[in-house]
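Position one of the sequence shown corresponds to residue 0 (numbering that gives the first Met the number 0), numbered consecutively onward.
These aren't lab readings, by the way, just hints derived from the structure by calculation. Heads up, some of the hints might be wrong.
[Said to hold, decoys possible] Restraint-style ranges between C-beta atoms, simulated for each label pair: (1) 206 x 294: 47 to 55 Å; (2) 68 x 358: 31 to 39 Å; (3) 76 x 333: 22 to 30 Å; (4) 274 x 105: 35 to 43 Å; (5) 80 x 12: 43 to 51 Å; (6) 257 x 26: 32 to 40 Å; (7) 72 x 237: 15 to 23 Å; (8) 283 x 38: 14 to 22 Å; (9) 172 x 252: 34 to 42 Å.
Note that beta-carbon positions come from the ideal geometry of N, C-alpha and C, so glycine has one too.
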Amino acid sequence: MLPTPDDAIDYLLCTTPDPGGWQEVAPGVLWIRLSLPFQLDHINTWALDGGADGWTLIDCGLGDKHTLALWEGLLRGALGGRPVERVVATHFHPDHIGAANWLVERTGAAFATSLTEWLFARMLSAGNDAAADAAVERFYRRCGLAPETLDAVLARRGAYSRGVPAVPATLTRLRAGDRLPVGGRLWTVIGGSGHTAEPVSLFRPAGGDDNGNGPALLISGDQILPRISPNISVWPTEPDADPLADYLASLKDWAALPSDTLVLPSHGRPFRGLHRRADDLALHHAERLAEIESLCASPRTAAEVTQALFPRPLDPHQTVFAVGEAVAHLNHLIRMGPLERVSGGRAGGPDIDLYRRHTAG
């Protein structure tokens, strides 16, 4: 799927910050950009000015030395040496939560996210036991990965804890519908699912600045992005899940927000065009489902479907996301009826799953 055309999205007219830099995008709202060592080479974080109470930071990048050095500069510079009241993670992925524990310890801030995201981060940062490692290997083996690809994927064990060396030990729990006060302004917590199990987005209605003006704002995390489709994946911890159904339901919920909402995404540039972008993402997944159903006219492994969807060479990091995305669509098609999963058959033996169009009886 091609991204939503730029002429259908109204990007905010401002300079994109360099890594470690910042830009004010609305009164009391700073756009901070941090670098990532991946093909997706940046994450946007957001600093909300809470006045005398201090800053609320939304997402924080990886917990590596480079990112922590950027935060040291930001705490002294853009944030003016003022207190940090809280650190909010939109979800558990390393680029969003990795530096949270360091920031909490460095500033004395509280930490907030949903309970599910916090528990998942705590679990993954603690590392796998033997049973969990076996489940990971079984999942990717059943996907039909080539032996060398499987070895490279399994060698990533411990990747999460390298990006998230520690997770805050205590939590301010956020639930959908909660109101988060920041400097006399209220941000509403919006739930959702699909990209992860219980991500957090934050919405502030129009008129939220000190003068009763200002646009409606949505800090969307990875739930909606302007140029790329958020990854919707099945993971070894829940191999039969249908996160795509959850994500498609979440896309419909954006229609309740004003059409001119300024979206502050985790990747890409701030934009208006929320409803059009949500519609285009739903269409993208419909097209992908149709493509996969057609591919499975002949039995296919998840690895074969992945290669058809992502024909370029993939490194191990990209492979786990691509395979997870393929399995998410396959599981959704099984749930909806067109496909079935059978074990064994051709090359690879009985521990390889095949997906095919559902046969009667």
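Now for the hints, and whether the structure bears them out:
{"no.": "1", "hint": "206 x 294: 47 to 55 Å", "in the structure": "holds, 50 Å"}
{"no.": "2", "hint": "68 x 358: 31 to 39 Å", "in the structure": "violated, 58 Å"}
{"no.": "3", "hint": "76 x 333: 22 to 30 Å", "in the structure": "violated, 52 Å"}
{"no.": "4", "hint": "274 x 105: 35 to 43 Å", "in the structure": "holds, 39 Å"}
{"no.": "5", "hint": "80 x 12: 43 to 51 Å", "in the structure": "violated, 30 Å"}
{"no.": "6", "hint": "257 x 26: 32 to 40 Å", "in the structure": "violated, 18 Å"}
{"no.": "7", "hint": "72 x 237: 15 to 23 Å", "in the structure": "violated, 39 Å"}
{"no.": "8", "hint": "283 x 38: 14 to 22 Å", "in the structure": "holds, 19 Å"}
{"no.": "9", "hint": "172 x 252: 34 to 42 Å", "in the structure": "violated, 21 Å"}
Comparing the model with each earlier hint shows violations of hints 2, 3, 5, 6, 7 and 9; every other hint is respected.
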